[in-house]
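**Q** Residues per chain are reported as follows:
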Amino acid sequence: MRKDLDEFKKQKLVIGSIIAMPIVLGVVLPLVMFVPMVTMVPLDRPWDVNGLLEIGSLPNDYRSPRTNQTLENISSQDMVIYHTVLKNVHLNHCILVTCAVENSTLTNSTITNSTIDGSYLESVTVIRSEGSSLDGKYILAVSSNLMFIKTKPSDIDAVLPMMFNMVLMIFIIVPATLPTIIASYSIVGEKNNRSLEPLLATPTTDGELLAGKIFSSFIPSMGSTFLAFTLGVILLDVVLIPKVGYPLLPNLTWTLSILLLAPTACLMSVLACVIVSSKVSDVRAAQQVGGFVVMPVVVLMLGVLSGFIFLSPLMIFVVAGAYGGIDLALFYFARAIFNREGILTKWS
Amino acid sequence: MIICEGLTRTFGSITAIQDFTVEIPDGRIFGLLGPNGAGKTTTMRMLSCLIRPTSGKACIDAYQIGKKEDAQKIRGMIGLLPEVPGLYQTLGAYKNLDYYAQLYGIPKQKREESIKTTLTDLGLWDRRNEPVGGFSKGMKQKIAIARALIHHPRYIFLDEPTASLDPAASKMVREYILELKSRGDTILINTHNLAEAERICDMVALVKNRVVKVGSPKELARGLFARTISITLQTIPTSLLKDISSLEFVSQAQVNGNQLILNVRNPEEDNPRVIAWLMKQGLQVQFVSEEEHSLEDVYLKLIGGGH
Chain A
1218 MRKDLDEFKK
1228 QKLVIGSIIA
1238 MPIVLGVVLP
1248 LVMFVPMVTM
1258 VPLDRPWDVN
1268 GLLEIGSLPN
1278 DYRSPRTNQT
1288 LENISSQDMV
1298 IYHTVLKNVH
1308 LNHCILVTCA
1318 VENSTLTNST
1328 ITNSTIDGSY
1338 LESVTVIRSE
1348 GSSLDGKYIL
1358 AVSSNLMFIK
1368 TKPSDIDAVL
1378 PMMFNMVLMI
1388 FIIVPATLPT
1398 IIASYSIVGE
1408 KNNRSLEPLL
1418 ATPTTDGELL
1428 AGKIFSSFIP
1438 SMGSTFLAFT
1448 LGVILLDVVL
1458 IPKVGYPLLP
1468 NLTWTLSILL
1478 LAPTACLMSV
1488 LACVIVSSKV
1498 SDVRAAQQVG
1508 GFVVMPVVVL
1518 MLGVLSGFIF
1528 LSPLMIFVVA
1538 GAYGGIDLAL
1548 FYFARAIFNR
1558 EGILTKWS
Chain B
1484 MIICEGLTRT
1494 FGSITAIQDF
1504 TVEIPDGRIF
1514 GLLGPNGAGK
1524 TTTMRMLSCL
1534 IRPTSGKACI
1544 DAYQIGKKED
1554 AQKIRGMIGL
1564 LPEVPGLYQT
1574 LGAYKNLDYY
1584 AQLYGIPKQK
1594 REESIKTTLT
1604 DLGLWDRRNE
1614 PVGGFSKGMK
1624 QKIAIARALI
1634 HHPRYIFLDE
1644 PTASLDPAAS
1654 KMVREYILEL
1664 KSRGDTILIN
1674 THNLAEAERI
1684 CDMVALVKNR
1694 VVKVGSPKEL
1704 ARGLFARTIS
1714 ITLQTIPTSL
1724 LKDISSLEFV
1734 SQAQVNGNQL
1744 ILNVRNPEED
1754 NPRVIAWLMK
1764 QGLQVQFVSE
1774 EEHSLEDVYL
1784 KLIGGGH
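Here the protein sequences line up with chains A and B, keeping their order.
Under this note's numbering, the first residue of the first sequence is numbered 1218, with each subsequent residue one higher.
Under this note's numbering, the first residue of the second sequence is numbered 1484, with each subsequent residue one higher.
Keep in mind that the hints were calculated from the coordinates and are not lab data.
Values in this document were obtained by computation on a predicted structure and should not be read as measured data.
Glycine included, each C-beta is placed from N, C-alpha and C at the ideal position.
Any given hint might turn out to be false.
As the list claims (entries may be wrong) - Distance condition first, Cα-Cα at most 30 Å in a straight line; then the derived BS3-like pairs of lysine-lysine:
no.: 1; chain 1: A; residue 1: Lys1229; chain 2: B; residue 2: Lys1664
no.: 2; chain 1: B; residue 1: Lys1696; chain 2: B; residue 2: Lys1664
no.: 3; chain 1: B; residue 1: Lys1550; chain 2: A; residue 2: Lys1496
As the list claims (entries may be wrong) - The following label-pair restraints were derived from C-beta to C-beta distances:
no.: 4; chain 1: B; residue 1: Lys1540; chain 2: A; residue 2: Gly1559; range: 45 to 55 Å
no.: 5; chain 1: B; residue 1: Gly1617; chain 2: A; residue 2: Phe1525; range: 50 to 60 Å
no.: 6; chain 1: B; residue 1: Ser1538; chain 2: A; residue 2: Leu1476; range: 45 to 55 Å
no.: 7; chain 1: A; residue 1: Ser1234; chain 2: B; residue 2: Ile1497; range: 36 to 46 Å
no.: 8; chain 1: A; residue 1: Met1380; chain 2: B; residue 2: Glu1613; range: 14 to 24 Å
no.: 9; chain 1: A; residue 1: Gly1233; chain 2: B; residue 2: Glu1595; range: 23 to 33 Å
no.: 10; chain 1: A; residue 1: Arg1411; chain 2: B; residue 2: Ala1678; range: 19 to 29 Å
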């Protein structure tokens, strides 16, 4: 593994592309998309309650927050409400945190970590919340799953969550795509350089040899993905904080995705490419076949972007578990079919 | 000690090597000589546990070739130089050696010392970080040999160690191999270079998909060719050839200028008798020498010129 990493260090173009690709796709591209969208939002549209840019820095003239109660059949404004069940209420200029809202109307407000059912929302920012049977307009849904009836949200409200998901998917598909060339080269490249025979003559076991090849592709790919993820999150927050009021990212979905989905997807791609590399006799053939290995990740991406798959924490655990299982199976398969004799004789 | 008994390897309908039976004692340089496709590399790969024999068996010390549980131990005991050095061209000599030293599990401090000593001996310590791609073929080959020896193996397998090297580089590598022999290592060499084999090998096996003959280069020549004595006389009378041919211990005689060339059965016993007879005839003997046959003569006689 160290040898391969040392060889990469000598290949400045390879390092450059490994670092550049996630940054371009995961940082520059989202910024190019988000900045114009943010500026497209109508000026009269509140992205947050006026004057409440950050929860915790409330103006002195605001009432004490309501908490741990049930509010029914009231109309009110300029309130901060925690841990409350709201039924049939009309609220304006309010902040709701960890609430359950039913059959209510909310305008010019922010709802965080809550559930909303059968309500009308107008000029509302919904963060990390679940909603069903909703109606309304000018809704900014961030990391939320909102189901609407009657009227559709505005274009921007519909597009924004999808864009967040798309950016997240970039951080999953990039580490799956990035190592394909390196991993495809790993064994067939040694063969072409005639450096495989002395390597196979060492006491290194098949498992150790494969693990070395796998991690020498995995580590640079995931390293550059983490770097791009960190930069992307910081820059997106920088762009969105003035509108939303506080850092939106990384939320639980993003954190779990980058810690579970990205590495397992990357490993799956590396393993498949290493297997291909141990079976073909030409680097180009390995790279060509290796291109197919990102298909399971592409399927996930299409599912998420089309709305067919909702990336809840549970879903992330399920998909990552499936990917991890495939990774384990691929490793054992790679070890089982790794044949020193075949590599040396059949390729000659 | 390496013992091979009936080692055979086939690839489909092609038999690369058949019934390879030799014993290689410790501390010797053993040469495998034969034309391209004679099965030399296949034999070396079998002994390196890279490929399995189809039949027959071979042991290195107590470990058996082809036995899965012994393969790792055997690989740890041998150092292999393949036909092509197979160095990592973009890395320096130090990194190339260090990588392999790690694969052999040599502790950091020990491998640093070992690599420093090796590269200093090779005169490459100051150039240790330069990519080896820029080195001469001879230097690359020496680094590749050093790589095969980094873990101080008891058995060293060298496949065509001087192939494609110029005479100076070949000499450099040859001297290095002789230095290894002086350390008591057992060395197996595949080579086409008969002069080189004659110079450095204690024993050789002539192979052409099977072992044709095994022995030291001198033994092989003696076994194949009658021993020829060349005697230089001051003058050779015309009747000498007829007279000397009639002696019972002379099987063949010929004259070449003032040289009398004789085939005798046993030079150690017969030479003094020939000299005494010549002197009794009043002839003055200037030089006596034994005509030696080279390994090339042996090779051409046993293997032939064609492939």
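**Q** Quick check: which numbered hints come out false for this structure?
**A** Violated: hints 1, 4 and 8.
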